[in-house]
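S.K.: Required output: the full structure, derived from the provided sequences and hints.
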Amino acid sequence: MPVKKGSSGISRRDFLKGMGTTILSTAVVTGGGLVPDSATAALLDDTVETISGRVKISLRVNHKVYSVAVEPRTTLLEVLRERLGLTGAKPACNRGECGACTVLVDNQPMLACSLLAVDVRDADIITVEGLSTDDTLTAVQKAFVEKDGLMCGFCTPGFVVAATALLQKNPNPSLSEIKQGLSGNLCRCAAYPKIFEAVQQAARTMQRGK
Amino acid sequence: MFPFEYINVRELTALPDYLEKDGEKSAILAGGTDLLGLMKEGLLKPRKVVNIKQIRELRGIRDTRKGLEIGAATRLSEIEQHPIIQQQYPVLAQAVASIATPQLRNMGTIGGNLCQRPRCWYFRGQEYHCLKKGGDMCYAVDGLNKYHAILGGGPCYIVHPSDAAPALIALGATVEIFGPQGKRTVPLEEFFQLPEDNLLRENILAPNEVVTRIFVPRPEAETRSLYLKFRERQSMDFAITSVAALVQLRNGKVQKARLVLGGVAPIPWRAREAEKILEGNSLSADRIQQAAEAALKEADPLDQNAYKVILARNLIRKAFTQLQNA
Amino acid sequence: MAKWKSLNEMKILSSYYPRLDAPLKVQGKARYIYDISLPGMLYGAILTSPYPSAKIIRIDDSRVRKHPGVRAVLTDVHPTGRIRYAGEEVAAVAATSPEALQEALELFQVEYEVLPFVVDLEAAMDEKAPRVFSDRPNVRKPREREEGDIEKGFAEADVVVEREFRTQVQVHVPLEPHGSVVTWEGDQLIIYDSTQAVHGVREGVAKALDIPVSRVRVICEHMGGGFGSKLWAGRYTAIAARLSRQAGAPVKLMLTRKQDFLGAGNRPNSVQKIKMGARKDGTLVAFYAETYGTAGIATNANVRLPFIYQVPNWKHIHRDVFINAGGGRPFRAPGCPQASFSMEQMMDELAEKLGMDPLEFRLKNDPNTTRQKEWRIGAEKIGWSRRRKAPGSDPGPVKRGLGMAASIWWPGGRGTKASMTIYPDGSVEVRCGTQDIGTGTRTLVASVAAEELGIDMRWIRPLIGDSNYPYSGASGGSTTAPSVGPAIKNTAEKARAALLERVARNLGLAPEKLTWQAGSIRITGSQSQQLSWKEICQHLENEPLEVHGEWVKGLSSAGVAGCQFVEVAVDTETGQIQVEKVVAVADCGLVLNRLTTENQINGGILQGISYALLEERYMDPTTGTMVNPNYESYKILGAMETPEIEIILYDEPERGVIGIGEPPTIPTAAAIANAVYHAIGVRLRELPMTPDRVLNALYQEKKV
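Protein chains in written order, with numbering that gives the first Met the number 0: chain U, 0 to 209; chain Z, 0 to 325; chain H, 0 to 703.
It is worth saying that the hints were derived from the structure and are not from the lab. Treat the hints loosely; a few may be bogus.
What the hints assert, rightly or not - Listed below are several chain Z residues computed to face chain H (Cβ distance under 10 Å; list not exhaustive):
hint, residue
1, 41
2, 136
3, 142
4, 143
5, 229
6, 237
7, 239
8, 313
9, 314
As the list claims (entries may be wrong) - Below 20 Å or equal to it, Euclidean Cα-Cα: the simulated SDA-like pairs (lysine to any residue) are:
hint, chain 1, residue 1, chain 2, residue 2
10, Z, 20, Z, 43
11, Z, 145, H, 621
12, Z, 47, U, 72
13, H, 54, H, 88
14, Z, 24, U, 72
15, Z, 44, H, 107
16, H, 701, Z, 24
17, Z, 52, U, 122
18, Z, 44, H, 106
19, U, 168, U, 107
20, Z, 47, U, 120
21, H, 416, H, 213
22, Z, 145, H, 692
23, Z, 39, H, 102
24, H, 388, H, 353
25, Z, 296, H, 698
26, Z, 39, U, 53
27, H, 493, H, 456
28, H, 380, H, 642
29, H, 54, H, 128
30, Z, 44, H, 105
31, H, 372, H, 358
Where a beta carbon is used, it is the ideal one built from N, C-alpha and C, also for glycine.
M.R.: Written out as structure tokens, the structure reads:
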């Protein structure tokens, strides 16, 4: 079971400001640094740290801090899916080729399948489940629903996260910029035209919300 | 992936102590986009994985009077979006923007891009014990070779997959390497090695060395540059052939020309003869055509990749024509 | 015979409305098979053969069993021990974690007798080639079909064209790999399977394990795409069930991406030698084709020739060829994109020889009256009249061209059952043992029920994706909507009649005093009043109403037409083909949901572009293995390759529901090929039309 140790809301709030979404800020910042409470993690000195075998680390995911046991080889995707029950990010290729496992790491879209969990201990990780803090949909999610920007939906979480990151960086993208921004996500059903429409609609909604 | 020890080194000076001389035993982790793929496929089973991302001097871009200093662990997206690089080093900005996908550019680093292993499907497949993996044959020669080398190949016919490397070589970049013996700096062009010189690795880096910084001299006045990348799929693909082209044009005459091809040879391929043809002359269609011919003169395609010769020639022509009209 | 309401009476159907499960999917809350986790669940995997042809001599699993994380091992998963393709199942293991599983797989020691193999279609046809099956030749008996007299036909022809075409092996690779999660509850086997057929998998697994169908339940709430590759039970499901029984714990077994490429189906390739003749006036008179293709170790690589055009005298001989590669499976319109690719190019070549416009030539030879109209609509939309006559006449290195090709499809609706429970509070459950493979079937079930009952969709809870629900067939062959739609309508009609009767009885009125009016009941006569849906359902008191219905005639049709026009830009310096615009006139009968219909048509077209320009399975001649079993080098279309698509939904509501999933993927590659010829004046007769092929073709024609 994940242990909720505390949460951090600041970066989250800043992030959502640009998105025309109302969120409740419930969090109190509980100190930044996270030291793994591990038996085998050793801080040899200030300059070198080694981790081997199974160790407990803390991960900040969707504003909650989780304590999980991992090995150095455990990927972020495995932790999210197998330990935290966050199955939004998908293991479709597991090699960084399809974008279905896209998550935000310190606000940047990255591929959870190609990140070691021990490597993102200091990061703020947001998965598709954490884009909205309540049950309402974000502007991007709402637009994907209304424009039908999906078919089987297996790649959808990756697209939604990538589109969210794209609009955060470029609130008014051209069609060509939308294509560029989503060029790291594959959809075998090929719902692309409706996905583009969804991103365009989300951009308009978010512009109005400002 | 196989179990390994994760070593997080925060000071550069401590780094050589944790890297093994034997390349199989330790691996450097920066962006991890290539390393994790190799480890998942079982092609690499290091006992130690050494994270270098927290070493401060390996990160960031410094714009100095002489040029750029780029830390090897700087993420590709930072380079792509850097306003000075976009304005003054277009060939580099364009090359980096063409790499992989937005997600991978947020993860991958410039040092990793230069040091990445080839994408040859025989090298990447567990089933093929090829020359590059210490085996005794290159499967591409009698096999499937439409993406393989047309220049500098043999006995292994990989192509170097980096987009950044041709651009940086065109700009005259050098790399700083750090190892047990301290620092050394080499021109990036001399960093890469052909299979005939070293079958198992693509560069001169010893397993216990690391690329620390890349220096890019500031282009002289009136320099124009660009990167043209041709790929089969626009959404995420490695170059079939790419062209990094740079000219310094003064009063209609080429003072200096640089032409480096990607995706055609086991190393980023500098076409010196073509450069010579261009230098001292106007950038006329004839000259450009001659240069394109010269660049591919020594091409020796395999049975499925002769099209790359045509493609490379056309791309070279297109690149310099665009520079002329820029 | 049953009939749908007219379009202007419809409140929901035939309009644009979002799918009901989209909110779950966009939030990452929809649980796919890969996402299912059961208490105590183990992770299972299959060890596959690295060799394309071998005999398994011995499997030593002693080291595997010693691994502390291992809970079950199978060394008899292969029925005969004779391996026929690289990627075939050899052994299986279940372990407590993904890490332990990975380690355990490395501990198997398998001794193989490696045997000669053949992985190339034409090499396999050589009599001296290694036999894939020792007891029969690689080339199967020809399948011959003919009409008329081709000799007479060719004698009548004024012009004849003879050509050879080649199409590649295309792999389905849905984003969610094939796989199952299984658990035994006593002697009851519960399977969560990423499938296009919950009932089919139920029967398949029961048979494989030799247990009664009644003891197997298959559930598929959400699945990540199939395209024909998930139409029946895979070996992995039975393997997972056996691992689970051995371990006494649930097992999740998902194929790796590589295994999905190697052994989970593909569209067979083809070589097609075609000769076709026409009279001066443009009438087709004779057609002759010899084709062969390989579905690996499976059969049915047929090419559906002579496709859509009317030729009085024709003959087609097809031969399936075995090679040591994973078996083919139905792939979105089996046999059709291949036939379209060759036939539509033959049409253009003949038209050119005759000096006729390709459109005019088609109108002359296409017997389908619907398509006759559709050709004209599409031509108008793409601006066919602006088409430059001479191929390759654009100035400059980038040349544009227009091309066209036709859609076709056959199957319609078939036996599907459904049930409906209406509760006294007005809420409704609709059950149907179909499944949603991304086409929006769940939403269709709710919307048809809501339309028929005249109530809002929020009252309806559609329950699908479970073999416990009334029987429905596989979601394949574009049969789902024409099967499920009528069954739900029929069930809802029965529910309405039963409700009316109940209300009449309760009020002691003659049923003819009551009439339905859009979700309410109007009572005429002395007790004149209008009952709302809630009030109607209150008459059920404590006893929910349950009714059963089924597919009935009159609400669906078979036979689909349609056509596509494309505009391409070909860069003659790089060989790159860019599709700039597609106009699709989609034949769609009664559209149930315009939003999901358009989406699916887009998807078919884009998969067609991907087939035309990017995808190809490459088999290494030295080792007999696939060199590109990944999304990096098996290139499927992405955002950057997506052109502008204009869809014209050609409504014929009087035909009822027809399937629309497959037809739009058929003509795209052919239309692109015709447009490419028009752009550069060089014909590409081999798929995919990659830059190397374009440049080589231009070079041969001295156009580089």
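S.K.: All the hints need checking, so say for each whether the structure fits it.
M.R.: To see whether the hints hold, each was checked on the structure:
1. 41: holds (8 Å)
2. 136: holds (8 Å)
3. 142: It holds, given that the least Cβ distance between residue 142(Z) and chain H is near 5 Å, below 10 Å.
4. 143: holds (5 Å)
5. 229: Because about 5 Å separates residue 229(Z) from the closest Cβ in chain H, which is inside the 10 Å limit, the hint holds.
6. 237: Hint on residue 237(Z): holds, closest Cβ of chain H at ~8 Å, below 10 Å.
7. 239: holds (7 Å)
8. 313: holds (4 Å)
9. 314: holds (7 Å)
10. 20(Z) / 43(Z): Within the cut-off at roughly 15 Å; holds.
11. 145(Z) / 621(H): holds (16 Å)
12. 47(Z) / 72(U): This hinted pair holds, its Cα atoms lying about 11 Å apart.
13. 54(H) / 88(H): With a Cα-Cα distance of about 12 Å, the restraint between residue 54(H) and residue 88(H) holds, given a limit of 20 Å.
14. 24(Z) / 72(U): The hint holds at about 15 Å.
15. 44(Z) / 107(H): At roughly 18 Å apart (the allowed maximum being 20 Å), residue 107(H) and residue 44(Z) satisfy the hint.
16. 701(H) / 24(Z): violated (53 Å)
17. 52(Z) / 122(U): The given pair, whose Cα atoms are some 13 Å apart, holds under the 20 Å limit.
18. 44(Z) / 106(H): holds (16 Å)
19. 168(U) / 107(U): Holds, because 10 Å separates the two Cα atoms, which is no more than 20 Å.
20. 47(Z) / 120(U): Distance ~19 Å between residue 47(Z) and residue 120(U) Cα, so the pair holds.
21. 416(H) / 213(H): Cα-Cα ~18 Å, so holds.
22. 145(Z) / 692(H): Measuring from Cα to Cα gives roughly 10 Å; hence the hint holds.
23. 39(Z) / 102(H): The given pair, whose Cα atoms are some 12 Å apart, holds under the 20 Å limit.
24. 388(H) / 353(H): holds (14 Å)
25. 296(Z) / 698(H): holds (18 Å)
26. 39(Z) / 53(U): Holds: residue 39(Z) and residue 53(U) sit about 19 Å apart, inside 20 Å.
27. 493(H) / 456(H): Holds. Residue 493(H) to residue 456(H) sits at ~18 Å (cutoff 20 Å).
28. 380(H) / 642(H): The given pair, whose Cα atoms are some 16 Å apart, holds under the 20 Å limit.
29. 54(H) / 128(H): Given pair residue 54(H), residue 128(H) holds - Cα atoms ~18 Å apart, limit 20 Å.
30. 44(Z) / 105(H): holds (13 Å)
31. 372(H) / 358(H): Cα-Cα ~12 Å, so holds.
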